[in-house]
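Q: For reference, the chains in residue letters:
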Amino acid sequence: MSSWLIIGFTLVIVVPILYMIFTSNIIRAAYAFTLSLLGLAAIYVLLKAELMAVVQIMIYAGGVVVLLIFGIMLTRRQKGMELVTLHRDVALGAGFCMILYALFVSWIGESGLAFTEELVELNQVKTIGISFLTNHILSFEIIAFLLLVALVGAAFLAKKTDSI
Amino acid sequence: MVTFLFFLPFLLGFVVIGVYAERKVAGFIQNRLGPMEVGPVGLLQTIADLLKMLQKEDLRPRAIDQVLFLVAPILIFGSIFTGFAVIPANQEFSGSEISAGVFFLLAIVSLDVLGILMAGWGSNNKYALYGAMRSAAQIVSYEIPLGLSVLAVVMVNQSLDLQEISFLQGMSGKYSSYFLGIPALEVSELGGFLTWNVFTMPVLWIVFIVYFVASLAESNRTPFDLPESESELIGGYHTEYSGFRWGVFMLSEYAMMLLTAILAVILFFGSWNTPFPNMGGFLLAEWTSGPVWGVFWLISKSIVLVFIQMVIRWTYPRLRVDQLMSLSWKYLTPLAILMLFVVGIWKLWLL
Numbered sequence: 000m001s002s003w004l005i006i007g008f009t010l011v012i013v014v015p016i017l018y019m020i021f022t023s024n025i026i027r028a029a030y031a032f033t034l035s036l037l038g039l040a041a042i043y044v045l046l047k048a049e050l051m052a053v054v055q056i057m058i059y060a061g062g063v064v065v066l067l068i069f070g071i072m073l074t075r076r077q078k079g080m081e082l083v084t085l086h087r088d089v090a091l092g093a094g095f096c097m098i099l100y101a102l103f104v105s106w107i108g109e110s111g112l113a114f115t116e117e118l119v120e121l122n123q124v125k126t127i128g129i130s131f132l133t134n135h136i137l138s139f140e141i142i143a144f145l146l147l148v149a150l151v152g153a154a155f156l157a158k159k160t161d162s163i
Numbered sequence: 000m001v002t003f004l005f006f007l008p009f010l011l012g013f014v015v016i017g018v019y020a021e022r023k024v025a026g027f028i029q030n031r032l033g034p035m036e037v038g039p040v041g042l043l044q045t046i047a048d049l050l051k052m053l054q055k056e057d058l059r060p061r062a063i064d065q066v067l068f069l070v071a072p073i074l075i076f077g078s079i080f081t082g083f084a085v086i087p088a089n090q091e092f093s094g095s096e097i098s099a100g101v102f103f104l105l106a107i108v109s110l111d112v113l114g115i116l117m118a119g120w121g122s123n124n125k126y127a128l129y130g131a132m133r134s135a136a137q138i139v140s141y142e143i144p145l146g147l148s149v150l151a152v153v154m155v156n157q158s159l160d161l162q163e164i165s166f167l168q169g170m171s172g173k174y175s176s177y178f179l180g181i182p183a184l185e186v187s188e189l190g191g192f193l194t195w196n197v198f199t200m201p202v203l204w205i206v207f208i209v210y211f212v213a214s215l216a217e218s219n220r221t222p223f224d225l226p227e228s229e230s231e232l233i234g235g236y237h238t239e240y241s242g243f244r245w246g247v248f249m250l251s252e253y254a255m256m257l258l259t260a261i262l263a264v265i266l267f268f269g270s271w272n273t274p275f276p277n278m279g280g281f282l283l284a285e286w287t288s289g290p291v292w293g294v295f296w297l298i299s300k301s302i303v304l305v306f307i308q309m310v311i312r313w314t315y316p317r318l319r320v321d322q323l324m325s326l327s328w329k330y331l332t333p334l335a336i337l338m339l340f341v342v343g344i345w346k347l348w349l350l
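Top to bottom, those sequences are chains A and F. As numbered in numbering that gives the first Met the number 0, the first sequence has no gaps in its residue numbers, which increase by one up to the final residue, 163. As numbered in numbering that gives the first Met the number 0, the second sequence has no gaps in its residue numbers, which increase by one up to the final residue, 350.
If we strip away everything but chain A, and leave its shape as in the complex, we get (with noise of 0.2 Å):
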């Protein structure tokens, strides 16, 4: 049953990225690319990692998507030319992923990580709330500070005036 449903969402990932690969609709490859996050988030939700799941949604799916289909409608007809996706270096990009593809699966390989069986119950909000405030409040606030940077120079840069 559990195994369908990983081979049915896996599908779910795989198949609208590769229809965005090859499309060259880009608003459609933009949409293909939200299905496959949502796979993604189906995935953690089988591995009952729900907190996971739902920041997938949220960050992903909500945030990065609405901001990428927002920037191809705005730049959509700029100097009269219409938008299109073009494969360029196909060859060239081909080998450097397959580098990068066999890198990622020897470095999974060698961390030692697998499936589990048996999955673990806990209160995630819970748990991963404590531990951001204890074992890893350093990065923690690193990231906050950074994105305050990111925030501050998004307004800086969406101010009008010509005075700095």
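Simulated from the structure, these hints should not be mistaken for laboratory data. Computed from a prediction, not measured in an experiment: that's the story for all the values here. Ideal Cβ positions, reconstructed from N, Cα and C, are used throughout, including at glycine. Honestly, I wouldn't trust all of these hints.
Claimed, not checked - Pairwise CB distance ranges, derived in the manner of DEER restraints:
#1 A:G62 - F:V66: 20 to 28 Å
#2 F:I307 - A:V44: 33 to 41 Å
#3 A:L112 - F:N123: 44 to 52 Å
#4 F:F243 - A:L85: 32 to 40 Å
#5 A:L99 - F:V341: 33 to 41 Å
#6 A:S2 - F:F243: 48 to 56 Å
#7 A:G62 - F:I336: 18 to 26 Å
Position chain F against the provided structure of chain A, taking the given hints into account.
A: Using the frame of chain A, we list chain F on its own:
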């Protein structure tokens, strides 16, 4: 799962009655009668409209993007309806029990922006596209005050699970509750409205106002109905839709109204708990608590909020785009952050 199966038929019934109520409310506010012809006092008007709508021709303009045009209504309604999955109906039917309940709700409902953009782009019509862009900008901006106001409630109750938040606002909560947060006034035994979040933590009234304004904007209701403003944009992102597909947009609008109202009731007004406290020998709270009473209280409190949404729609004029943005970014967001701070201080030092 059972709870989820309760909400779909309920939602369909609610939309039929909601559309009728909306037209009646509009009529009375404008000093006229509203629908009167079909059935007694026009009660069957929505049914007649529904039959007419279902028979309409399914128009598809030639220049549309077929796939996006057809998928958009399904995506919008699907994402909003999935939000109902975590809503508890009463003490026993608690919806999907995931620990990140309300967070999941906010995340999945935010996907309807994608559907709106899809509809606007797929229609290949500049008014539809303008409507979709406005809607996306509006929903993305108002998600911030909405999320912050929900966060304030989560801080008070220390849980993201809506069922747990519901239990904490009744007599069966884990902790004892204090009226207005004053330890001398313990009301755990009394129940009723005294244990609701807005009364145990009075700051939440202000948070509720922020939430309510943001939820109006999220569901594209007047005064924030710029995405579909018919006088400027014909009909916004659903201009090109007709018949059943248009009906799905209407259904999602009412579903969103109901969802935000139910969420407000759960977060602020005691969820499925009774409003009557125990008074001496009159154990009103215990007499009016139970599975059936739970559903009754949850739904009736939500309907009151939906009624307020309708009154607001027919009372206030529409905002301008720049006013809309400045309301969200300059007033609601700072206010929500301030309230979050106040609630945190209150929770840490006074309780």
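Q: Give a verdict on every hint.
A: Verification of the hints:
1. A:G62 - F:V66: 20 to 28 Å: 24 Å, holds
2. F:I307 - A:V44: 33 to 41 Å: Roughly 36 Å apart at Cβ, these two residues keep to the hinted range, so it holds.
3. A:L112 - F:N123: 44 to 52 Å: With a Cβ separation near 47 Å, L112 (chain A) and N123 (chain F) satisfy 44 to 52 Å, so the hint holds.
4. F:F243 - A:L85: 32 to 40 Å: 39 Å, holds
5. A:L99 - F:V341: 33 to 41 Å: 49 Å, violated
6. A:S2 - F:F243: 48 to 56 Å: 38 Å, violated
7. A:G62 - F:I336: 18 to 26 Å: 19 Å, holds
In summary, the structure is inconsistent with hints 5 and 6 from the numbered list given earlier, while agreeing with the others.
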